[in-house]
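> Now for the letters of each chain:
There are 2 protein chains.
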Amino acid sequence: MTKVHNFSAGPGILPAEVLKQAAEACINFDNLNLSLLEISHRSKNYEKVMEESRAMVKELLGLNDNYKVLFLGGGASLQFAMVPFNLLFTEGTAGYVNTGVWATKAIKEAKLIGNTQVIASSEDKNFNYIPKGYEIPSTLDYLHITSNNTIYGTQMKEFPKTTVPLVCDMSSDIFSRKVNGNDFSLIYAGAQKNMGPAGATMVAVDETKLGKTGRKLLSMMDYQVHIKGDSMYNTPPVFPIYVTMLTLKWLKNNGGIPWIEQLNQQKADTLYSEIDRNSMFVGTTAKEDRSHMNVTFVMHKPELEVEFDKLAKEANLSGLKGHRDVGGYRASLYNALPLESVNALVQVMQAFEKKFA
Amino acid sequence: MTKVHNFSAGPGILPAEVLKQAAEACINFDNLNLSLLEISHRSKNYEKVMEESRAMVKELLGLNDNYKVLFLGGGASLQFAMVPFNLLFTEGTAGYVNTGVWATKAIKEAKLIGNTQVIASSEDKNFNYIPKGYEIPSTLDYLHITSNNTIYGTQMKEFPKTTVPLVCDMSSDIFSRKVNGNDFSLIYAGAQKNMGPAGATMVAVDETKLGKTGRKLLSMMDYQVHIKGDSMYNTPPVFPIYVTMLTLKWLKNNGGIPWIEQLNQQKADTLYSEIDRNSMFVGTTAKEDRSHMNVTFVMHKPELEVEFDKLAKEANLSGLKGHRDVGGYRASLYNALPLESVNALVQVMQAFEKKFA
Numbered sequence: 087m088t089k090v091h092n093f094s095a096g097p098g099i100l101p102a103e104v105l106k107q108a109a110e111a112c113i114n115f116d117n118l119n120l121s122l123l124e125i126s127h128r129s130k131n132y133e134k135v136m137e138e139s140r141a142m143v144k145e146l147l148g149l150n151d152n153y154k155v156l157f158l159g160g161g162a163s164l165q166f167a168m169v170p171f172n173l174l175f176t177e178g179t180a181g182y183v184n185t186g187v188w189a190t191k192a193i194k195e196a197k198l199i200g201n202t203q204v205i206a207s208s209e210d211k212n213f214n215y216i217p218k219g220y221e222i223p224s225t226l227d228y229l230h231i232t233s234n235n236t237i238y239g240t241q242m243k244e245f246p247k248t249t250v251p252l253v254c255d256m257s258s259d260i261f262s263r264k265v266n267g268n269d270f271s272l273i274y275a276g277a278q279k280n281m282g283p284a285g286a287t288m289v290a291v292d293e294t295k296l297g298k299t300g301r302k303l304l305s306m307m308d309y310q311v312h313i314k315g316d317s318m319y320n321t322p323p324v325f326p327i328y329v330t331m332l333t334l335k336w337l338k339n340n341g342g343i344p345w346i347e348q349l350n351q352q353k354a355d356t357l358y359s360e361i362d363r364n365s366m367f368v369g370t371t372a373k374e375d376r377s378h379m380n381v382t383f384v385m386h387k388p389e390l391e392v393e394f395d396k397l398a399k400e401a402n403l404s405g406l407k408g409h410r411d412v413g414g415y416r417a418s419l420y421n422a423l424p425l426e427s428v429n430a431l432v433q434v435m436q437a438f439e440k441k442f443a
Numbered sequence: 087m088t089k090v091h092n093f094s095a096g097p098g099i100l101p102a103e104v105l106k107q108a109a110e111a112c113i114n115f116d117n118l119n120l121s122l123l124e125i126s127h128r129s130k131n132y133e134k135v136m137e138e139s140r141a142m143v144k145e146l147l148g149l150n151d152n153y154k155v156l157f158l159g160g161g162a163s164l165q166f167a168m169v170p171f172n173l174l175f176t177e178g179t180a181g182y183v184n185t186g187v188w189a190t191k192a193i194k195e196a197k198l199i200g201n202t203q204v205i206a207s208s209e210d211k212n213f214n215y216i217p218k219g220y221e222i223p224s225t226l227d228y229l230h231i232t233s234n235n236t237i238y239g240t241q242m243k244e245f246p247k248t249t250v251p252l253v254c255d256m257s258s259d260i261f262s263r264k265v266n267g268n269d270f271s272l273i274y275a276g277a278q279k280n281m282g283p284a285g286a287t288m289v290a291v292d293e294t295k296l297g298k299t300g301r302k303l304l305s306m307m308d309y310q311v312h313i314k315g316d317s318m319y320n321t322p323p324v325f326p327i328y329v330t331m332l333t334l335k336w337l338k339n340n341g342g343i344p345w346i347e348q349l350n351q352q353k354a355d356t357l358y359s360e361i362d363r364n365s366m367f368v369g370t371t372a373k374e375d376r377s378h379m380n381v382t383f384v385m386h387k388p389e390l391e392v393e394f395d396k397l398a399k400e401a402n403l404s405g406l407k408g409h410r411d412v413g414g415y416r417a418s419l420y421n422a423l424p425l426e427s428v429n430a431l432v433q434v435m436q437a438f439e440k441k442f443a
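Taken in sequence, the protein lines are chains A and B.
Numbering-wise (the numbering used here), the first sequence opens with residue 87 and increments by one.
Numbering-wise (the numbering used here), the second sequence opens with residue 87 and increments by one.
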């Protein structure tokens, strides 16, 4: 098979060995002579998958015992509603930092549920930077932030220091760098970037914060219901969770967060250096907020994009087209992307410069 | 590999050829040299999967043009809330027929949303029959029924005749027999029995019935939002939907609903005949309501269960343990279960009788 360099923004690249194991489980899971797709989620063999997945999330995020880990369906978009349902008091106010389209969607849903205040935003510059130095009212029920903004290529290098409970959408950079999970009351992430395939969403929540809002919740919207059911209140997305477990194992076995953080730094440094050096391209975000996951850049002469696309295709580079809100290019450097793929992209950028500068 | 006869109640058996294709897609999807698990859901190749899945549901249910087909995350349990949000008027009343645990859960969620009336129930006899001959108030916004009850082994052989919009949870018998989809305003089904693996839920809804309740809906709870986004308002459960498409193709290519209905009849007849003939066993449900999908039976001498379990294990019969609410045994005969597996079970029942009668 020809090696494809997969820069897709999400669902994104997964480790080859994980894909191989996932394929095997579709035929014969755990030597049961049955496919993972056709066994009960309440079987011993699958319950072990759930337990291991939860344990690895706790370990990788360094979470204390008061945290519970859930794997739910519905995507991060469902969390946009579940977070306020579970943490926003009926008479309280939730704070949001607006760093892009996904944060905007989270704010929209929260407003349908209760009082919501946007306390900082980078909308004025098409979200090409992370707001800093804003005041956080101590009366907020929680402050919602987005650690990495896939579309714009910005990333919070430091998280707000506050006594207000922090809620973080880490969908696009979870497990990519060291964070102290205990600094957050709730972390959620759709699996389909650094964790696994589409269809599962991870929620890690400080259980002591739940059940206090005065709201009567629908069962599927209630974290306490899902905690009580060990994420099996209803049938969970079995296969996406299994592949998540495989991916977390791959991460752990290769050296865990310290290993991946260093590799991700190296990949990002390599690509940003080339963007800054290369006379044909320019980065789109504030330098201090540049994401290590999604690298966005445009061309000085957009009319040459078609030529660059040709070279990229010849070199088997895939998924580089920028989001329509930013244009140009976006290279997503998720955990499973090897340095080799970044080098392949850099070579194409250099060949392009040589030819067209 | 030893052949295992998979009677699991769900997630349940899928066709071997589907599992093989699913495994292949984990490695190389559509000759892209990329895994299905790591490509964009907005790629042309995947959009085709969504289109084909929708088209096959419409074809197999015989749906008119006013129906839209959705594939969502969150399971049928999320539909317990989405149905009343979208169809129950703020001042209206929803009617429910209570035929088991899942219907009871649907009623519980609806009650949190608006006025709900249980118009018939078989709770008096542990749900071992389907209520009949009840009055349906013509003022209801909708009537919610469950076509097949996995736990108890009952199935509606005829659907209520009424001018009230019918909503049906078909999770455990969809595509197993001929139904006129146009008799229902909304049909929903978790994939993990006759359709595919866990993680995707199909909703087929008469679009003309939507947007009329006077409710302001959360985006993820709004069928109109998902229709507008072609089930891609957020990242869909990519792999579960793909396997659903493969399973529907398998069904269609083998002769569609007429073929499977006849096969399912044959499987059910074979097993129920043996239950009625065999002196060791007795069926648990009213004969006229016996499910073709989940066959429940108990032993006259429960102390011999351990002996039967031994014989079943030797014959590679898997997933026969009854639900704790009914006890005894449950053989699920979903679409992909071959007649050969039913024959294997019957042989074990006969050998058991010979030895212990």
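Hints in this document: simulated from the structure, not taken from any laboratory.
Being a predicted model, the structure only gives us computed values, none of them experimental.
Incorrect hints may have been included.
[As the list claims (entries may be wrong)] List time: in silico DSS-like cross-link candidates among lysine-lysine, alpha-carbon distance up to 30 Å: (1) K298/A <-> K399/B; (2) K89/B <-> K191/A; (3) K314/B <-> K194/A; (4) K197/A <-> K89/B; (5) K130/A <-> K407/B; (6) K134/A <-> K197/A; (7) K197/A <-> K130/A; (8) K335/A <-> K106/B; (9) K396/B <-> K194/A; (10) K197/A <-> K314/B; (11) K211/B <-> K295/A; (12) K396/B <-> K130/A; (13) K106/A <-> K89/B; (14) K191/A <-> K89/A; (15) K264/A <-> K302/A; (16) K89/A <-> K396/B; (17) K407/B <-> K302/A; (18) K399/B <-> K130/A; (19) K264/A <-> K247/A; (20) K134/B <-> K106/A; (21) K197/A <-> K106/B; (22) K134/A <-> K89/A; (23) K314/A <-> K295/B; (24) K130/A <-> K302/B; (25) K264/B <-> K106/B; (26) K130/B <-> K387/A; (27) K399/A <-> K106/A; (28) K399/B <-> K197/A; (29) K335/A <-> K314/A; (30) K314/A <-> K243/B; (31) K89/B <-> K134/A; (32) K130/A <-> K314/B; (33) K396/B <-> K144/B; (34) K89/A <-> K130/A; (35) K197/A <-> K295/A; (36) K407/B <-> K134/A; (37) K211/A <-> K144/A.
[As the list claims (entries may be wrong)] Calculated Cβ distances over 10 Å to all of chain B for the following chain A residues: (38) E195; (39) Y319; (40) I343.
No residue lacks a Cβ here, since even glycine has one placed at the ideal position from N, Cα and C.
> A separate judgement is required for each hint: does it hold in the structure or not?
Each hint, compared with the structure:
no., hint, verdict
1, K298/A <-> K399/B, "49 Å, violated"
2, K89/B <-> K191/A, "49 Å, violated"
3, K314/B <-> K194/A, "18 Å, holds"
4, K197/A <-> K89/B, "54 Å, violated"
5, K130/A <-> K407/B, "14 Å, holds"
6, K134/A <-> K197/A, "39 Å, violated"
7, K197/A <-> K130/A, "42 Å, violated"
8, K335/A <-> K106/B, "25 Å, holds"
9, K396/B <-> K194/A, "57 Å, violated"
10, K197/A <-> K314/B, "22 Å, holds"
11, K211/B <-> K295/A, "42 Å, violated"
12, K396/B <-> K130/A, "19 Å, holds"
13, K106/A <-> K89/B, "23 Å, holds"
14, K191/A <-> K89/A, "36 Å, violated"
15, K264/A <-> K302/A, "36 Å, violated"
16, K89/A <-> K396/B, "50 Å, violated"
17, K407/B <-> K302/A, "36 Å, violated"
18, K399/B <-> K130/A, "17 Å, holds"
19, K264/A <-> K247/A, "17 Å, holds"
20, K134/B <-> K106/A, "24 Å, holds"
21, K197/A <-> K106/B, "46 Å, violated"
22, K134/A <-> K89/A, "34 Å, violated"
23, K314/A <-> K295/B, "36 Å, violated"
24, K130/A <-> K302/B, "42 Å, violated"
25, K264/B <-> K106/B, "28 Å, holds"
26, K130/B <-> K387/A, "28 Å, holds"
27, K399/A <-> K106/A, "25 Å, holds"
28, K399/B <-> K197/A, "55 Å, violated"
29, K335/A <-> K314/A, "25 Å, holds"
30, K314/A <-> K243/B, "36 Å, violated"
31, K89/B <-> K134/A, "24 Å, holds"
32, K130/A <-> K314/B, "40 Å, violated"
33, K396/B <-> K144/B, "44 Å, violated"
34, K89/A <-> K130/A, "37 Å, violated"
35, K197/A <-> K295/A, "21 Å, holds"
36, K407/B <-> K134/A, "20 Å, holds"
37, K211/A <-> K144/A, "36 Å, violated"
38, E195, "6 Å, violated"
39, Y319, "7 Å, violated"
40, I343, "22 Å, holds"
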